[in-house]
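Number of protein chains: 4
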Amino acid sequence: MTRGEDNPIRVGVLGARGRMGAQAVQAVEAAPGMAVVAMVDAGDSLAEVADAGAEVVVDFTHPDVVLDNLRFVVDQNICAVVGTTGFTEERLATVREWLRAKPEVGVLIAPNFALGAVLAMRFAQQAARFYSSAEIIELHHNRKADAPSGTAAHTARLIAQARGEAGLKPGADATTSEVDGARGASIEDVRVHSVRLPGLVAHEEILFGQDGETLTIRHDSMDRTSFMPGVLLGVREVLGRPGLTVGLENVLDL
Amino acid sequence: MTRGEDNPIRVGVLGARGRMGAQAVQAVEAAPGMAVVAMVDAGDSLAEVADAGAEVVVDFTHPDVVLDNLRFVVDQNICAVVGTTGFTEERLATVREWLRAKPEVGVLIAPNFALGAVLAMRFAQQAARFYSSAEIIELHHNRKADAPSGTAAHTARLIAQARGEAGLKPGADATTSEVDGARGASIEDVRVHSVRLPGLVAHEEILFGQDGETLTIRHDSMDRTSFMPGVLLGVREVLGRPGLTVGLENVLDL
Amino acid sequence: MTRGEDNPIRVGVLGARGRMGAQAVQAVEAAPGMAVVAMVDAGDSLAEVADAGAEVVVDFTHPDVVLDNLRFVVDQNICAVVGTTGFTEERLATVREWLRAKPEVGVLIAPNFALGAVLAMRFAQQAARFYSSAEIIELHHNRKADAPSGTAAHTARLIAQARGEAGLKPGADATTSEVDGARGASIEDVRVHSVRLPGLVAHEEILFGQDGETLTIRHDSMDRTSFMPGVLLGVREVLGRPGLTVGLENVLDL
Amino acid sequence: MTRGEDNPIRVGVLGARGRMGAQAVQAVEAAPGMAVVAMVDAGDSLAEVADAGAEVVVDFTHPDVVLDNLRFVVDQNICAVVGTTGFTEERLATVREWLRAKPEVGVLIAPNFALGAVLAMRFAQQAARFYSSAEIIELHHNRKADAPSGTAAHTARLIAQARGEAGLKPGADATTSEVDGARGASIEDVRVHSVRLPGLVAHEEILFGQDGETLTIRHDSMDRTSFMPGVLLGVREVLGRPGLTVGLENVLDL
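Protein chains in written order, with our numbering: chain X, 1 to 254; chain H, 255 to 508; chain R, 509 to 762; chain Z, 763 to 1016.
One thing to keep in mind: the hints can contain errors.
Calculated pairs, DSS-like style, for lysine-lysine (alpha carbon to alpha carbon, straight line, at most 27 angstroms) [claimed, not checked]:
| # | chain 1 | residue 1 | chain 2 | residue 2 |
| --- | --- | --- | --- | --- |
| 1 | X | K169 | Z | K906 |
| 2 | R | K677 | H | K398 |
| 3 | R | K652 | H | K423 |
| 4 | X | K144 | Z | K931 |
Everything labelled a hint here was simulated from the structure, so no lab data went into it. Nothing here was measured: the structure is a model prediction, and the numbers come from that model.
The task is simple: from the sequences and hints, build the whole structure.
This is the structure:
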């Protein structure tokens, strides 16, 4: 059944007064075929989402409370799309266990809802085995504390894994004279370069090369509104996917 | 059986003295697990490839002779990787017919062996349905006669098709005052912009956008050596793929 | 005398409650060696800036009132940095006339305070005569009404003028088959391409090419805070430049 | 007097059979208003250029012979455009001394004849003082031995110098957690990142940033034909510039 204006997907938002939660409320309200039926934040009762008949909750809360939230909604047969961080392997196993008893309920936990970032990573994985070398440039505003960014480091690892599976050795590099750091950080033999400048926001460029050609995949993120299409996609997809799904890339059907 | 130095794939090159054919000879010779066993050009006998025990031929010849070449090699149970142009639907049907009688023989016909261009098109197809708008910029040297390039026009059509299948309408565009041509060519409602400058070679940039983020896929091609990795991949893959395959993208297993 | 914390430049802001004016107030307050001494908006008296001892006013008001504002501040021996639009040649002549009687007073009127845009235009002008061809790509969000952007059209004209002065003919272009619009808009024989996508903000890319090389100058503007360094530079420079100066580029001392 | 087809500039090429010299011969022959009157290489007599009435020589020879070449041509009142490397301060002083006795003769010695690279450096110098931060990304094929490239390191030093003269401190950088090398090499506090990939040729990107905007200057060099417009410009300009000029940027009149 296609969900439309007559029977919109009923969505509850947990953490509805936080930065991401408030964005999610707006985005769901503006999306065709969806409606916000409950907004819950610290001090409110979780029971509100059940009382309101929510089919899916979106959770942008806190690592301290997210497991309790999930326990409750799974018990109530409500699906969940979770952007809250802090999911260890152990925590994921716990959620999987709960879902075993509820074969109809789906939970999507995603560390990154930026569609472009997720697609860029996926394409990088797909392209990696066709190229003799790959490098990453990530560019962020100069208030960022870590270099490289988590996304770039993760992308490098995905590329390294795909190269390894294809039997590729590290890309040839004739550098014999280097000013310290010029060739970037080596993340599993994939070089990553971190640029920091005021005026930048969040950008990642993945470069592949072989004789005579290069392929570049670039993602530019301007602000956190860019996460919302991924959240909405998650809401739509989680209803038809029982069990635990980790990572937005796994609902994209690429 | 993995093919290695002890039992290399035996390759015959048709059109071996032409520009692309000569490149192919060099590339096959340099590739691990492959060997050139026959080089045939105008005036030589096709029988040479059979006599030499070729398992695969690479054909960079001419539309006038390519069908005769294919007829011969298919009869001899030799597979083929074909870069020669001029394949109409009718010609493809003829080749398919021949292959019906030879269930072990594979033929790969590809209009474009540039891996990066093929990957860029594939990724564009995959990304298209996630973005509200897409545009293409293609940049070539200023001796090029057509605008946009065939690759860019083809990419635009693939994007339009993917958008259509996802039920997306043409991207919103608030332009009310335009100097003629500023907004580019419209290829099935996807805008394509053609830059022509000396110093450029062949470049394509596909841009996707939605609120707060953009995704860009760019392919830069410097010279025709860039086609050889695609040809080698074709040689490796065609052996295990009986029947007719059209387009390198269909052997990439993305 | 270098102006520092002990004797900051005394600045009055006209249009202080408007979007740009409010930004200017913040920027001046945060800048070392400057202080806001008066904030004036519709309904307030202009006399406040004189009473407060302002040495420079920043005017982001409206075409209807800006001439009256200038008349008043020039009479009071106060310099002005003006971002308000609507200055025709006739209006500029009027201001020049007033300044003739006040040889110590400087007025800077600038249509664009984005340093990067101004520098990009200046560099484009400088580079133009060294290259056989030039094209411009400008990329904006898809709510923009005009294509190409005013800045891109202006840049194209500057390039055309520099090329003309160097005796260069229009760049060679071998296009014989074109889908309407593919080659962009022709602004005095310089091609300009306008990309419109959600997720973009305001971007301009100027490309120069000749055999074997290209030079690209790109400006990316994220939000209107980017105008403030240009406003502050204007405030510092106008004090030492009596008479009328039109265009931020003329105080950059490039 | 404008030099045209009737009275072309008479050019002798030293090192005429070397890679760069041969390119120079071709370029001069193809240029309007210039003619090659002598081609000299190892084993030929330098007297040929004088006998042929050369007004300018182009020298792409070797550090071992270039000083003898210059001594001879200056004595003969012939100007010189020199791309041969190895000029120390001491060697430059020697040439200057010779030229003192010949007030009509001009010599241009340039380490880099790529107009785009020279312009990019010049623009970088001009832009540097207007931005709170600057970084450089240089991208080359993976057969290059040094990282960063000489051009990028030189550009970084020019930027650092311009920033220093404007009283700017090193750009703010909040990085507290870094994988070794991620933030690139520090050349006088300007960060430089070196990407090495097959398929690349020689590319330099200079990025400037401040709140809300970035300015990027990029040079792409495809092959050594890109040096010839700079050589031709040098030939034209050296005739009117007595004495020693070091660096192509000093004849560009920017």
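Verification of the supplied hints:
no. : hint            : result
1   : X:K169 / Z:K906 : holds, 19 angstroms
2   : R:K677 / H:K398 : holds, 19 angstroms
3   : R:K652 / H:K423 : holds, 19 angstroms
4   : X:K144 / Z:K931 : holds, 19 angstroms
The structure fails none of the hints (numbered hints given earlier).
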